[in-house]
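In our numbering, the protein residues as written are 1 to 143.
No lab work stands behind these hints: they were computed from the structure. A quick note: this is a predicted structure, and the numbers were derived from the prediction, not measured. Keep in mind that the hints are not guaranteed to be accurate.
Below, in silico cross-link-like pairs of lysine-lysine (BS3-like), each with a Cα-Cα straight-line distance of 30 Å or less [unchecked claim]:
1) K110 x K25
2) K25 x K135
3) K25 x K131
Per label pair, the in silico range of CB-to-CB distance [to be verified]:
4) H59 x D128: 22 to 32 Å
5) D40 x V18: 21 to 31 Å
6) A124 x T102: 21 to 31 Å
7) Q90 x A124: 17 to 27 Å
8) E134 x Q63: 37 to 47 Å
9) Q63 x S133: 12 to 22 Å
Even glycine gets a Cβ: it sits at the ideal position worked out from N, Cα and C.
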Amino acid sequence: GPDVRVGLAAERSLDMIVGMLAILKAGGAYVPLDPDYPQDRLSFLMQDSGIELLLTQAHLLGQLPIPAHVQTLDLADSLDGNSTENPVNQTSPDNLAYVIYTSGSTGKPKGTLLAHHNLMRLFAATDDWFKFSEKDVWTLFHS
Numbered sequence: 001g002p003d004v005r006v007g008l009a010a011e012r013s014l015d016m017i018v019g020m021l022a023i024l025k026a027g028g029a030y031v032p033l034d035p036d037y038p039q040d041r042l043s044f045l046m047q048d049s050g051i052e053l054l055l056t057q058a059h060l061l062g063q064l065p066i067p068a069h070v071q072t073l074d075l076a077d078s079l080d081g082n083s084t085e086n087p088v089n090q091t092s093p094d095n096l097a098y099v100i101y102t103s104g105s106t107g108k109p110k111g112t113l114l115a116h117h118n119l120m121r122l123f124a125a126t127d128d129w130f131k132f133s134e135k136d137v138w139t140l141f142h143s
């Protein structure tokens with residue numbers, strides 16, 4: 001639901017994009033977690049961000065320092081038996097879209113909470129340059 005923070009630990013792949021879109025479609029806020037990060041950084045990001053769920057790939061499960069309270073879901077799990085209905089959008093422009101962290105070069109990484117209205121402002125502010133349309137793909141443009 002809205003503002004639920006969901007960790008996304010996946011290699012750069014179609015799975016990662018599907019996971020990101022699934023989290024947003026469900027109304028959650030994604031927290032990107034690069035599986036190549038050092039264990040202490042991943043542990044800090046998972047604790048600090050307050051994730052409740054972790055979407056990942058099965059082969060990464062044993063490598064990730066997953067907090068005990070965090071539920072995990074394999075991106076490749078079958079969705080058979082689940083509803084095929086389009087979920088009702090329960091988010092508002094003020095709900096979180098994602099949480100992104102600084103590199104931590106001056107100490108601990110700092111998280112920035114970005115709401116949907118921040119993303120819309122970015123699209124509106126750059127529309128004159130890019131002329132966005134329904135045919136554009138913008139995923140991973142600003143990682």
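Here is what the structure says about each hint:
1. K110 x K25: Holds, at about 26 Å.
2. K25 x K135: 19 Å, holds
3. K25 x K131: With Cα atoms ~24 Å apart, K25 and K131 stay inside 30 Å; holds.
4. H59 x D128: 22 to 32 Å: 44 Å Cβ-Cβ, so the 22 to 32 Å window is violated.
5. D40 x V18: 21 to 31 Å: Distance hint for D40, V18 holds at roughly 28 Å.
6. A124 x T102: 21 to 31 Å: Cβ of A124 to Cβ of T102: about 25 Å, so the range 21 to 31 Å holds.
7. Q90 x A124: 17 to 27 Å: 23 Å, holds
8. E134 x Q63: 37 to 47 Å: 38 Å, holds
9. Q63 x S133: 12 to 22 Å: 40 Å, violated
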